[in-house]
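**Student:** The sequence shown begins at 7 in the numbering used here and counts up one residue at a time.
Rather than coming from a laboratory, the hints here were simulated on the basis of the structure.
There may be inaccurate statements among the hints.
What the hints assert, rightly or not - Each computed DSS-like pair below joins lysine-lysine, with the alpha-carbon atoms no more than 27 Å apart:
{"hint": "1", "residue 1": "Lys108", "residue 2": "Lys248"}
{"hint": "2", "residue 1": "Lys221", "residue 2": "Lys142"}
{"hint": "3", "residue 1": "Lys259", "residue 2": "Lys248"}
{"hint": "4", "residue 1": "Lys142", "residue 2": "Lys187"}
{"hint": "5", "residue 1": "Lys187", "residue 2": "Lys248"}
The structure presented is a predicted model; accordingly, all values stated were derived computationally and were not measured.
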Amino acid sequence: MPLIVLPTSQRLWVRVAALLFTCVAFSVASHGGALPHGGMSDWCIFCWAFSFACTLLVLLVEVFGLQARIPVSWTNFPITVACYASLLCLSASVIFPLFFLKDQHLYGEVRGYRIAATVFSCLAAVAYMGEVSLTKARPGEVAGYMATAPGLLKVCQTFVACIIFILISDPVSYDHHPALKWCMAVYCICFILSMAVVVLCVGECTGWLPIPFSKFLSAYGLLAVIMYLTATIIWPVFQFDKQYQRGGQASSKLITVAVLTALNFLLYLADLAYTARLVFVSA
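All chains should be modelled from the sequences, with the hints used to inform the complete structure.
**Tutor:** Here it is as structure tokens:
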């Protein structure tokens with residue numbers, strides 16, 4: 007029989023706070039927010055519910071001392087969950103008020119419920135960021151890869167790529183020129199490889215690679231930087247230049263994709279710099 011362990015640490019209380027905040031956020035939004043079905047309302051509910059479920063799982067495993075029975079690396083799994091949850095709640099904290107509070111003629115309880123959901127979403131994002139700050143590796147500390155700067159950057163890269171996929175798929179905005187299809191290939195290839203690194207680390211499967219993990223990270227990091235550099239240049243040229251436009255003004259979605267592409271290029275560049283420092287300087 008597993009023993010119930012109640013550790014008293016800052017990390018525990020931050021997780022409990024995040025659990026409560028996400029629970030309140032999706033509960034009040036679903037109960038009294040009068041949200042439309044589909045679209046961004048479903049995304050926000052998913053962000054809060056997914057973060058709540060994963061945090062509850064982490065708390066239950068740690069409270070009952072079941073880490074050894076879970077088929078994942080427990081030095082990598084909790085901080086990966088916290089990092090994804092912080093990004094999800096942060097996105098919901100921005101999207102929810104923009105779509106469901108701004109320029110909305112709401113009165114009474116519905117407006118109050120939506121304001122409460124926004125406030126608790128912001129609190130949840132802060133709590134998850136606090137957990138990441140408490141869990142991430144300190145200089146000289148032995149920790150899992152996902153607790154290091156390159157590991158956290160991998161999470162950010164995959165999250166930004168997911169937002170890009172959402173923006174360019176409705177409506178499809180990459181099919182009218184081969185150069186834009188190359189950008190889509192860049193987003194897909196780099197997302198798959200970054201997610202593969204996250205899965206390998208969380209599943210403790212890095213030994214399955216036919217080459218040393220450090221060499222794989224270095225080679226992939228350099229490849230991703232080069233590919234994203236091309237996408238950062240090509241996407242705005244073929245979307246905003248009148249010579250290649252399909253017609254009309256560039257939409258805010260296309261501009262956002264250009265900004266996110268440049269952001270992911272910077273994330274991959276920072277990842278490559280950190281990886282080179284870990285591999286070559288440490289060696």
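**Student:** Each of the hints needs a verdict: does it hold here or not?
**Tutor:** A quick look at each hint next to the structure:
1. Lys108 with Lys248: The hint is violated at about 32 Å.
2. Lys221 with Lys142: holds, 23 Å
3. Lys259 with Lys248: Answer holds: Lys259 to Lys248 is near 17 Å, not above 27 Å.
4. Lys142 with Lys187: Violated, at about 37 Å.
5. Lys187 with Lys248: Since the Cα atoms of Lys187 and Lys248 sit roughly 18 Å apart, the hinted pair holds (cutoff 27 Å).
Violated hints, in rising order: 1, 4; the structure is consistent with all others.
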